[in-house]
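4 protein chains.
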Amino acid sequence: MARAPVYYADYLKLDRLLTSQQPESLKEGVDAHDEMLFIIVHQAYELWFKQILHELDRVERDFGAVPVSDDAMARIVHDLERIHEILKLTVAQLDVLETMTPFDFLDFRDLLMPASGFQSLQFRAIETRLGLAAETRVPLDDKAIEERLSPADRTALSEARERPTVFVMLDQWLARTPFLDWGGASFRDAYRQAVEKHLARDADFIRADRAMPEEKRERELKAIDKAIASFAAIFAPEGDGGGWRLSGPAVQAALFITLYRDKPAVQPAFRLLATLMDIDETMTLWRYRHALMVERMIGVKIGTGGSSGHAYLRTTAERHRVFADLFRLSTFLIPRAAVPDLPASVQARLGFVYST
Amino acid sequence: MARAPVYYADYLKLDRLLTSQQPESLKEGVDAHDEMLFIIVHQAYELWFKQILHELDRVERDFGAVPVSDDAMARIVHDLERIHEILKLTVAQLDVLETMTPFDFLDFRDLLMPASGFQSLQFRAIETRLGLAAETRVPLDDKAIEERLSPADRTALSEARERPTVFVMLDQWLARTPFLDWGGASFRDAYRQAVEKHLARDADFIRADRAMPEEKRERELKAIDKAIASFAAIFAPEGDGGGWRLSGPAVQAALFITLYRDKPAVQPAFRLLATLMDIDETMTLWRYRHALMVERMIGVKIGTGGSSGHAYLRTTAERHRVFADLFRLSTFLIPRAAVPDLPASVQARLGFVYST
Amino acid sequence: MARAPVYYADYLKLDRLLTSQQPESLKEGVDAHDEMLFIIVHQAYELWFKQILHELDRVERDFGAVPVSDDAMARIVHDLERIHEILKLTVAQLDVLETMTPFDFLDFRDLLMPASGFQSLQFRAIETRLGLAAETRVPLDDKAIEERLSPADRTALSEARERPTVFVMLDQWLARTPFLDWGGASFRDAYRQAVEKHLARDADFIRADRAMPEEKRERELKAIDKAIASFAAIFAPEGDGGGWRLSGPAVQAALFITLYRDKPAVQPAFRLLATLMDIDETMTLWRYRHALMVERMIGVKIGTGGSSGHAYLRTTAERHRVFADLFRLSTFLIPRAAVPDLPASVQARLGFVYST
Amino acid sequence: MARAPVYYADYLKLDRLLTSQQPESLKEGVDAHDEMLFIIVHQAYELWFKQILHELDRVERDFGAVPVSDDAMARIVHDLERIHEILKLTVAQLDVLETMTPFDFLDFRDLLMPASGFQSLQFRAIETRLGLAAETRVPLDDKAIEERLSPADRTALSEARERPTVFVMLDQWLARTPFLDWGGASFRDAYRQAVEKHLARDADFIRADRAMPEEKRERELKAIDKAIASFAAIFAPEGDGGGWRLSGPAVQAALFITLYRDKPAVQPAFRLLATLMDIDETMTLWRYRHALMVERMIGVKIGTGGSSGHAYLRTTAERHRVFADLFRLSTFLIPRAAVPDLPASVQARLGFVYST
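Taken in order, these protein sequences are the chains called A, B, C and D.
Position one of the first sequence corresponds to residue 1 (full-length UniProt numbering), numbered consecutively onward.
Position one of the second sequence corresponds to residue 1 (full-length UniProt numbering), numbered consecutively onward.
Position one of the third sequence corresponds to residue 1 (full-length UniProt numbering), numbered consecutively onward.
Position one of the fourth sequence corresponds to residue 1 (full-length UniProt numbering), numbered consecutively onward.
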C-alpha cells in the first residue's frame, strides 16, 4: 500500500534498454545508417524469444505433472497459442528488416564478423525445449552449432537439454490417454481394421484407373504399401515405431483425439495438437523466409558467421521440425462414415458430470 | 583489421537487454505470469519507437536542407516508407498483447499505478516531430500530457519541440516547388477554373436529382459551397488558408504533384505524399485499435494512469492526425480529362536530361 | 462411383466467375484501368460475406437448439473462429484496394452513381444476423438503409431479420447456465458483495490521492457510482438492465464464465465469448479503416451513394457494435484473490465424468 | 448523362457470382459443411489471379514499347507493386483455408477427383507471363502440366506462352540502358576491377583465418573462385552467361542500377528490380506455405490430382523462381567506398533538366 508510485520509463528500464544499441560502425567512424535497424530488429527478436521461453517454463511446469489437471491443460493450450501468435509476429518482422537493401548492409557487414544469428542461445533453447534433439540438429559447416557459442552460452544450452521437452511430455501424456481401452476390443484394433479397409479401397481405385501411366501406378501403390507398413508398425504391441518418433500408444491416442475431437473431454487435447502443428508450421515458415531474405541480402557469398547461410537455413526449415508426426497423422484419417463408433462406456466418460 | 571478433550476445548487449524485465509482481511476491508479456510488449514498442526516431533524424537532416537534393529525396522517401513498415508491425503487436485477458491483467494491474503508456516520451516525440503541434495535442484529464512526465522527460520533449517538424519542412519544400509558374498563366489560375467548373457540375447534378430529399439537397449544396470557399481561400494571394494547415502555395504544389505524378521529376514527390498519408493512417489506426483493446481490457474503469483511457485514445485517433490536409486534397481532384494540360516549357523541365 | 471426373474450372464455375467483371468504363469507351480492381475487390468481399453467412447458418442451427449439446458447442466456437479469420482477411484486402489512388478512382467514379457499398445486402444481413437491431442501425441521410435496396434485397433483409440472431441465442443460452445456483447462497450474491467491496476500495484509493485535482476526483468517483448502479441493476431480481442489452441472468453467467474459465465445462463457453469479442472488434476495425480509406479516396465530397460517406462509416464503427456488453464486463472483474471460491458441489459438476 | 442508375448488385453481377458455388457433396447428398469454404477460397484465388493478369496486360503494353517512356515506367512499377500486394493477400488467405481440418476435408475430398489446383490455368499463365520457361517448369508425375488441362485451357496456355514475358522485356530493357558507356573506360571494366579486388580481399581474409578448418577453407575459396568465374563470364564480350539467365549487358545494367540507385533517373529502375524480387519472393513463399498446408491436410497420401502433392509443391517453390538472377546480384556488391565514382558526364545525364 505504501508502494512508491511507478513511472513508465523506470518500470520498463528504458535507461538500459534504449542505450543498448551500440553500432560497430559508430566505433569505427563509418557512416552506416542501417546498422541501428539491424541491431533493433535482432533485439526485438531476442525480447520475443525471452517471452517464448517464459511461456515454455509454465508449460513445462503444467505439462510435466502427472496427471495433467484440467485447469493446467487450459493454461498449456493458452500458452502455446500465445507462442504461435508471437511466432507470427517474428515472421512479420522480416518485412521491416527487408527495408534494408544488400548494398546498405555492406556498409557495416564486415564489421560484425564473425558474429551470426546462429549464435542466438535463446533461439537454440526454444528449439531444444520444444523437442529438437541434439542429434537431429543439422551441423553447420560439419560442426555442432555449439562450437560457435561462448562457454557460458554452451553451458546454458546444455542445461536446456536436460529439461523435459514439450515433445517428450506430449509423448508421455498421449500414451497415458485413458480412452483407448474399449473393453473387449480396443480402439487400436477397431481403427486398424478400418484404416486398412480404406487404404485397400484407395489401392483398388488406383488399379482401376486406366488413364494412369504404369510407372505412376506402381509408385502410388508402393506408397500405399509403405503407409500400411508404417501404420502396422505403430500398432504392433512391441513396434519399433516404423519411422515415427512418437511411441505407438501416443500415435494411437493422437489419432483418437483427431477423430473424436468434438467430445468435451477431447476438445482441449485437439486444440493442443492443432496448436503444436501451428507452431511447427510457423517456425518452419520463419526459417524458410529467413533463408530467402539472407539469399537476397548476401547472395552466394559467405554469411557473417562464415557459413553458407541461406542454404543452411533452408535445410533446417525441414529438418528441424519437431512435430512432423502430427502432420503425418492425416495419412491415416478415414472418412467420418468409416470411423468406428465409440462404445457407450467410453462415450459416457468423455462428457461432463452434469451432462450424464 | 586487428578488430576483436564480435560475438552475437555482446554485440546486442543481451546481458542488459534480457535482464531489463523486472516485474513488480515478482517484487511483491504475487503470482502474475502475464506481467512478463506486458513488459516485453512495451519494451518492443520502445525499441521500434527508437528506430522511428533514428529515421526521423536523417529525414530532418535531408529534408531541412535547401534545396533538397535528388539523392536526399530518395532517402527521405525510403526512410518514411520504413517508418510506415514499422508502424504496421506495431499494429500487429496488439495481436500478441490481446492474448492477455482482462482477468490476467488484474493480477498485476494495480501494482503499476500510476504508470501509463501516456508517459512514453518517445511516442510523444514521434508525434511532435512529425508535426503534432503542442496546442493541438488533446489534454488528458484537462491537463497537458507533460504533467505526467518526469522533469527529464519533460525537458527532452521540449527539446523535440524546438526541432523542425516533418510537417513544417514539407510545407516549406512544397511552397518552393518550381513548376507552378506557367509563364503567362499560372497553375493556380488554370486549376482553380477547372475545379470550379467541375464542382459547379456536381452542384447541377444534385439540383437535378429529383429523388433527393430537400433537406439532403441543401446539405450537399452547402458542402459544395464550403468546398469552393475553402479552395478559394488557399488560392487567394493573401489567403488565410480557409481551414488548411498547409500554406496556400504548399497546397497548390501538393495538388500539382497529385495530378502530374507520372512525370519523372514529380514521382518522388508523389511517393512522399503517399507515404506521409500511409503514416498518418496507420498511426490513426494504431490509436484506434489501441483504444478498442484498452476498452476490452479495462472496461469503463480508470486506466493505469488514472485516465479514462479508451475514450481519450479514441479522441486522439482523429485529432492527432498531422497530415489531414493531404487527405482533403481528394476533394479538389477532377477527372483526368478536365485537368489542364502542362505548358510545353514546364513539361520539358519535368523530364531527365537524357530524355530531352 | 461412376461419377464423371471433375475438372477444376468446371467445379469452380470459372466460366461464370471470370466473366462477371463488366466495367462501366468499358461500356462507355472510357479508359479506366483500375475499375477492374474496384470490381474484383468488391466481388471478393461478397464471396467472403457468403462464406460468413454459410457459417452463421450452421451456428443458428446449433446454437438455437435447447439444450446446446457439447458437440454443437465445439462447432459453434469453431465456426465463429473461422468468421473471425475471414474478417481479418477483409481488413487486409483494404491494403490492395488502397493501391488505387483517388485520381485513378475519378476515372470511373461518376459512372457508378448512385451505386454504393451501402447496398451490400450480404453485409447488412451479417450485421443483422449477428444481432444488430433494426432500430440501432444508424440511418443514412436520415433514412433507413433499406430505402437504398432493391425490392428483392429489401425482402431478403426482412427475412434475415426474422431469424434468431447470435446475440439473442447467446442471451438465452447464457441465461440457462446451470452453475449459478450455489445452494444456500447464489453466485449472484457472492459476487455482488465481492465487486462492491472492490469498487469501494477503488473509491478509497481515489479519495486518498491528494495529487488528483478535485474536478477529476469527482469525475472518477461519479464513474464508480455509476458502475455500481449499473451492476446493481443487472443483479436486481427484476432489474431493467441498467443500460445492458443482455438480460441480468445472462450478464451474471457471462461473468461466471469469465472468472472460472479454466474449469473444463466452462472452457468452451469462455472461447465463445472471446471469439464474439474478436468478431465485434474486427468488424469495428474494418468499418473504421474503411472510413479512413473512403476519406482518403473521396475527401469531403459526396460518396458514390450520395452519402457523406466516411463520416457515416465512422459513426457506424462504434454504434453498430453488437457485443459491447461483453467488453463492459471487464469493469466488474476483480482480482483473482477476491473472487469467491466455488462451492464444492458446483466445482464437481464442472469436471469430466472420468475426473471425478 | 442519360445513363440508367447503377445498382450495386447488378454492377457486381452478384446473381451470377453468388450462385456459382455448387458443392459436389450437395449433389451427392453428403453432409460436408466445409466444401463451401473450399470452393470460395479457390474462387477468391481465381478472382485475384484475374486481377494480376489484368495488371500484367498493361505491364506488357508499357514495357514492350521501345523506348519505355518515363510515364510508362511509373505505371509499370505501380502495377507490379499492386501485384505484390495481391500476392501478400493470397498468402494470408491460407490462414482462412487452414481453419478446415484434414478430417473435415475428407468429407468431400474424394468427390473432387481428379480435379486439382494444378489445373488452374490462370496461375500457370501468371507464371508463364512473368517468365517461367516451359522447359523449366517442373513436370508433375513425369508429365508436362498441360496434360492435366482441358483442350481449351491448353490452347489458352499456349497463347500465353507466345506473349512477351516480363523477364524477357526486363532483359531487353536493361540491355538498352544508356549509362554504361563511360567514354574512355566503361562501367563494365571499372566495376569488374573493383569487384575482383574486393573478392581477392575476401579470399585473403579466409586464408588468414587460422581457426577455420581446412576443409571449410577450401570450400569457401572454391566458392569465391566460382563467383569470380561467373562474374567474368557475364562481363566477357561474348560471354555465355556463366549460369546467368539474364544477358551480360542486362546483368551489368542491373548492377549499375543497384549501385547508383539514388540518382533520379535510376530510382524508378531500382524500384522495378526491388519489386520484381518482392514478387518472386512472395510467390516462392506462397508455394512453400501451400506445400506445408497440403502436407498437413493430406499427409503422405495422394493429392486430389493424383500427385504426391506437397513434395511437388515444395520442389516448385525453388525451381519456379523467375528472377533468381536479381538475388544473385548481391554476391557482386562491394562496399560503397569501393564503388567507382560516376564520370561527370554520366552523372549529369542522370539528373533532371531543371537540376542541371
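The set of hints was computed from the structure by calculation and includes no laboratory data.
You may find that some hints are simply not true.
If chains are identical, the list can't say which one is meant, so a pair holds when it fits in one copy or spans any two.
[As the list claims (entries may be wrong)] Only pairs whose alpha carbons sit at most 20 Å apart, straight line, appear in this in silico EDC-like list of lysine to aspartate or glutamate:
no.	residue 1	residue 2
1	LYS27	GLU215
2	LYS88	ASP278
3	LYS13	ASP202
4	LYS226	ASP202
5	LYS88	GLU98
6	LYS27	ASP62
7	LYS27	ASP110
8	LYS226	GLU162
9	LYS216	ASP110
10	LYS27	ASP107
11	LYS143	GLU214
12	LYS222	GLU24
13	LYS88	ASP341
14	LYS222	GLU28
15	LYS143	GLU215
16	LYS27	GLU214
Okay, the hints, checked on the actual structure:
no.	hint	in the structure
1	LYS27 x GLU215	neither (64 Å within a copy, 34 Å between copies)
2	LYS88 x ASP278	both (10 Å within a copy, 18 Å between copies)
3	LYS13 x ASP202	neither (62 Å within a copy, 28 Å between copies)
4	LYS226 x ASP202	within (13 Å within a copy, 49 Å between copies)
5	LYS88 x GLU98	both (16 Å within a copy, 14 Å between copies)
6	LYS27 x ASP62	neither (47 Å within a copy, 23 Å between copies)
7	LYS27 x ASP110	within (14 Å within a copy, 43 Å between copies)
8	LYS226 x GLU162	neither (35 Å within a copy, 44 Å between copies)
9	LYS216 x ASP110	between (51 Å within a copy, 19 Å between copies)
10	LYS27 x ASP107	within (13 Å within a copy, 44 Å between copies)
11	LYS143 x GLU214	between (44 Å within a copy, 13 Å between copies)
12	LYS222 x GLU24	neither (57 Å within a copy, 30 Å between copies)
13	LYS88 x ASP341	neither (38 Å within a copy, 37 Å between copies)
14	LYS222 x GLU28	neither (62 Å within a copy, 31 Å between copies)
15	LYS143 x GLU215	between (41 Å within a copy, 11 Å between copies)
16	LYS27 x GLU214	neither (67 Å within a copy, 32 Å between copies)
Violated hints, in rising order: 1, 3, 6, 8, 12, 13, 14 and 16; the structure is consistent with all others.
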